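A.B. asks: What follows is the residue order along each chain.
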Amino acid sequence: NAGVMQNPRHLVRRRGQEARLRCSPMKGHSHVYWYRQLPEEGLKFMVYLQKENIIDESGMPKERFSAEFPKEGPSILRIQQVVRGDSAAYFCASSPPRLARGQNEQFFGPGTRLTVL
Amino acid sequence: KQEVTQIPAALSVPEGENLVLNCSFTDSAIYNLQWFRQDPGKGLTSLLLIQSSQREQTSGRLNASLDKSSGRSTLYIAASQPGDSATYLCALKGSYIPTFGRGTSLIVHP
Numbered sequence: 098n099a100g101v102m103q104n105p106r107h108l109v110r111r112r113g114q115e116a117r118l119r120c121s122p123m124k125g126h127s128h129v130y131w132y133r134q135l136p137e138e139g140l141k142f143m144v145y146l147q148k149e150n151i152i153d154e155s156g157m158p159k160e161r162f163s164a165e166f167p168k169e170g171p172s173i174l175r176i177q178q179v180v181r182g183d184s185a186a187y188f189c190a191s192s193p194p195r196l197a198r199g200q201n202e203q204f205f206g207p208g209t210r211l212t213v214l
Numbered sequence: 087k088q089e090v091t092q093i094p095a096a097l098s099v100p101e102g103e104n105l106v107l108n109c110s111f112t113d114s115a116i117y118n119l120q121w122f123r124q125d126p127g128k129g130l131t132s133l134l135l136i137q138s139s140q141r142e143q144t145s146g147r148l149n150a151s152l153d154k155s156s157g158r159s160t161l162y163i164a165a166s167q168p169g170d171s172a173t174y175l176c177a178l179k180g181s182y183i184p185t186f187g188r189g190t191s192l193i194v195h196p
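Residue numbers (our numbering), protein chains in the order written: chain W, 98 to 214; chain E, 87 to 196.
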């Protein structure tokens with residue numbers, strides 16, 4: 098019973114390159130959340146997805162960032178033309194289909210640590 | 087907008103002490119509250135989940151309480167051990183998006 102998986106665990110990019118972060122939710126989970134954690138700051142919500150749908154992307158920067166959760170395969174967080182300020186830990190969490198709104202527990206992956214040189 | 091504050095920001099105690107970590111929030115219209123543990127350079131591990139209709143949850147040496155009327159939750163750690171050293175985060179869920187506190191960094195020294 099594998100937990101939430103994220104890869105790569107560490108990613109180094111030069112300014113201007115693209116970063117692709119992958120998240121495979123727990124088996125049976127259809128909801129995926131992406132968070133960013135900057136040094137000395139708390140976890141900040143970025144985007145909430147269900148299969149083939151973006152439910153809420155209010156925490157996502159308007160430019161260069163995009164996310165998807167296709168019918169098959171992992172969820173992808175894509176950062177285009179990375180800048181040094183994008184250096185952070187990016188966490189993915191998943192939860193099962195909601196039995197009641199907002200009540201489900203989230204399970205977190207180990208994170209991807211992005212370093213932009 | 088929900089604001090979550092965790093006090094203290096850092097705590098260093100000798101092994102064996104009983105601890106209380108605090109989490110306060112401004113909006114009591116929540117669905118649940120979740121306590122997490124984060125080890126350096128690692129992801130988050132869920133410790134306890136309290137639904138809004140519940141007052142407390144217990145797991146081993148951990149006990150979490152929730153008082154919505156006062157906007158507070160506490161995480162009680164009994165007989166602390168060096169292995170408890172980590173950052174402890176609380177997260178409030180008002181809809182489907184949780185709001186996290188900045189955490190309490192705990193060091194338990196032998």
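Where hints are given, some of them may not hold.
Example chain E residues on the side facing chain W (calculated, C-beta under 8 Å, incomplete) [stated by the list, open to error]:
1. R123
2. P126
3. G146
4. N149
5. G157
6. R158
7. I183
8. G187
9. S191
10. I193
11. V194
Bear in mind the hints are in silico, worked out from the structure with no lab data behind them.
None of these values were measured; they are calculated from a predicted model.
We put the beta carbon where it would ideally sit given N, CA and C, even for glycine.
A.B. asks: Find the hints from earlier in the document that the structure breaks and name them by number, from lowest to highest.
C.D. replies: As far as the earlier hints go, 1, 2, 3, 4, 5, 6, 9, 10, 11 are violated by this structure, in ascending order.
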